[in-house]
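Novice: Combine both chains into one complex, guided by the hints.
Just so you know, the protein sequences line up as chains S and G, in that order.
Position 72 (the first sequence) corresponds to 72 in our numbering; numbering is contiguous.
Whatever position you read off the second sequence (first residue = 1), add 114 for our numbering.
Worth flagging that the hints you see were computed from the coordinates, not collected in a lab.
Keep in mind it's a predicted model, so treat the numbers as computed, not measured.
The beta carbon of each residue, even a glycine, is placed where N, CA and C say it ideally should be.
One or more hints might be untrue.
Pairs of lysine-lysine residues, derived as BS3-like cross-links and limited to a Cα-Cα distance of at most 25 Å, are as follows [unchecked claim]:
no., chain 1, residue 1, chain 2, residue 2
1, S, K42, G, K182
2, S, K42, G, K138
3, S, K58, S, K5
Computed far set for chain G versus chain S, every beta-carbon distance over 10 Å [as the list claims (entries may be wrong)]:
no., residue
4, A116
5, S121
6, N164
7, N185
8, P198
9, A207
10, V227
Each chain, letter by letter, is given below.
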Amino acid sequence: QQQVKQSPQSLIVQKGGISIINCAYENTAFDYFPWYQQFPGKGPALLIAIRPDVSEKKEGRFTISFNKSAKQFSLHIMDSQPGDSATYFCAATLIQTGANNLFFGTGTRLTVIP
Amino acid sequence: DAGVIQSPRHEVTEMGQEVTLRCKPISGHNSLFWYRQTMMRGLELLIYFNNNVPIDDSGMPEDRFSAKMPNASFSTLKIQPSEPRDSAVYFCASRPDRGPYEQYFGPGTRLTVT
Numbered sequence: 001q002q003q004v005k006q007s008p009q010s011l012i013v014q015k016g017g018i019s020i021i022n023c024a025y026e027n028t029a030f031d032y033f034p035w036y037q038q039f040p041g042k043g044p045a046l047l048i049a050i051r052p053d054v055s056e057k058k059e060g061r062f063t064i065s066f067n068k069s070a071k072q073f074s075l076h077i078m079d080s081q082p083g084d085s086a087t088y089f090c091a092a093t094l095i096q097t098g099a100n101n102l103f104f105g106t107g108t109r110l111t112v113i114p
Numbered sequence: 115d116a117g118v119i120q121s122p123r124h125e126v127t128e129m130g131q132e133v134t135l136r137c138k139p140i141s142g143h144n145s146l147f148w149y150r151q152t153m154m155r156g157l158e159l160l161i162y163f164n165n166n167v168p169i170d171d172s173g174m175p176e177d178r179f180s181a182k183m184p185n186a187s188f189s190t191l192k193i194q195p196s197e198p199r200d201s202a203v204y205f206c207a208s209r210p211d212r213g214p215y216e217q218y219f220g221p222g223t224r225l226t227v228t
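This is chain G alone, in the form it adopts within the complex (with noise of 0.2 Å):
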């Protein structure tokens, strides 16, 4: 399996633009999760689905932040618009519903809003 995929690895805009991240998880993940992380807060969950349907937003720090998962192979992360204070890294993360309580994290997208 190729793990977690996550789309663009690197992103950078300018303050009020759209901003769309993605994610496939891992096949057969019942569960995925957005993280993001910053050197002052660490990491922070924003969102995790189960089945595809959002069961925790309370993360989402505002409405600027949306998130679908539309189908078991596919997530968006959006903010819009973007400011410079959401520059971070952004992880998404998969798990299956049984099993193991791992999360598998993908390789993040750091994004940088000028």
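Just chain S, with the same shape it has in the complex (with noise of 0.2 Å):
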């Protein structure tokens, strides 16, 4: 069973545009929402990360937009830049039991176009 579920598959946004990638969960305990951003050939690393208590988070162009009655979080990336072209993955722990338990979503392909 997939307790994260992230949508969609893949994404091609123009230079400038703005990405928004969605995700939803399923376990009402988890408390930690990360995302992951990973560029072909490396490991994934933390992008930026929410905690159920805010709504939203916003790091430079990074925005995580949180709806817990939904169970939803999205990641929007303003100003999308080539560079920005990547995988990207949503994920949810709990903080309880360590935030060992990473269930990730299955990822989406990022590509901004010049």
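Specialist: The structure is reproduced here in structure tokens:
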């Protein structure tokens, strides 16, 4: 059973546009929601994360929007750049268990066209 | 710090052979994780260790897979005998017990079983 569902599978955006990736989770006990960015040939790296006590977190051009009642969260990339082209994974976990078991979404391959 | 180190980066082997993947976590990190990444199933947690002790191996697909962490600076993931369906990218990640919940991923080992 997929604990975290992610969409779309792939996304093509023009340079300067907004990229939006959506995730939904099942377990209401999850209390930490990170996004990882993966470039080809590299391991995933933490991009930004949010706790469910806030509805939004922004770091530069990257924003997480969180809807606790709908059990959904999304990543918005403003002013998308070709260098943002990568695969993005959302994830969820429980801090009370040590945040060790990260449940990943299936990933979104983002391509930003110059 | 050099980050998480994995070896080999690429491994091609024939079905039935034994395969050993190696990982050196970041110094001072208490937890170590092994993941498998495939197009079909995305990123799956296979097993994680805390202070060299296996904590959760529920993701290990079958008895052909085994993992060890003999000391704080070294871990292995062994597949014996290997099968074509084991072909995937295997990642090792580590994180400290204290501080942020970020997992630091290595560059991965691309395994091809023919």
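Novice: If a hint holds in the structure, say so; if it does not, say that too.
Specialist: Structure-based check of each hint:
Annotation: proposed proximity of S/K42 to G/K182 holds, straight-line Cα distance about 24 Å (limit 25 Å). Proposed proximity of S/K42 and G/K138 is supported: the alpha carbons are some 16 Å apart, at most 25 Å. In summary, the hint linking S/K58 to S/K5 is supported, as the alpha carbons are separated by about 22 Å, within the 25 Å threshold. For G/A116, the non-interface assignment is confirmed: its Cβ lies about 13 Å from the closest Cβ of chain S, beyond the 10 Å cut-off.
With a closest Cβ-Cβ approach of about 14 Å to chain S, G/S121 is found to remain outside the 10 Å limit, as its non-interface label requires. The beta carbon of G/N164 sits about 7 Å from the closest Cβ of chain S, which is not more than 10 Å, so the claim that it is off the interface is violated. Listed as a non-interface residue, G/N185 keeps its Cβ farther than 10 Å from every Cβ of chain S; the least gap is roughly 20 Å. At roughly 22 Å, the least C-beta separation between G/P198 and chain S is larger than 10 Å, which holds for a residue marked as non-interface.
Chain S draws G/A207 into its interface by the beta-carbon criterion, the shortest separation being 7 Å against a cut-off of 10 Å. Annotated as non-interface, G/V227 keeps its C-beta farther than 10 Å from every C-beta of chain S; the closest such distance is 20 Å.
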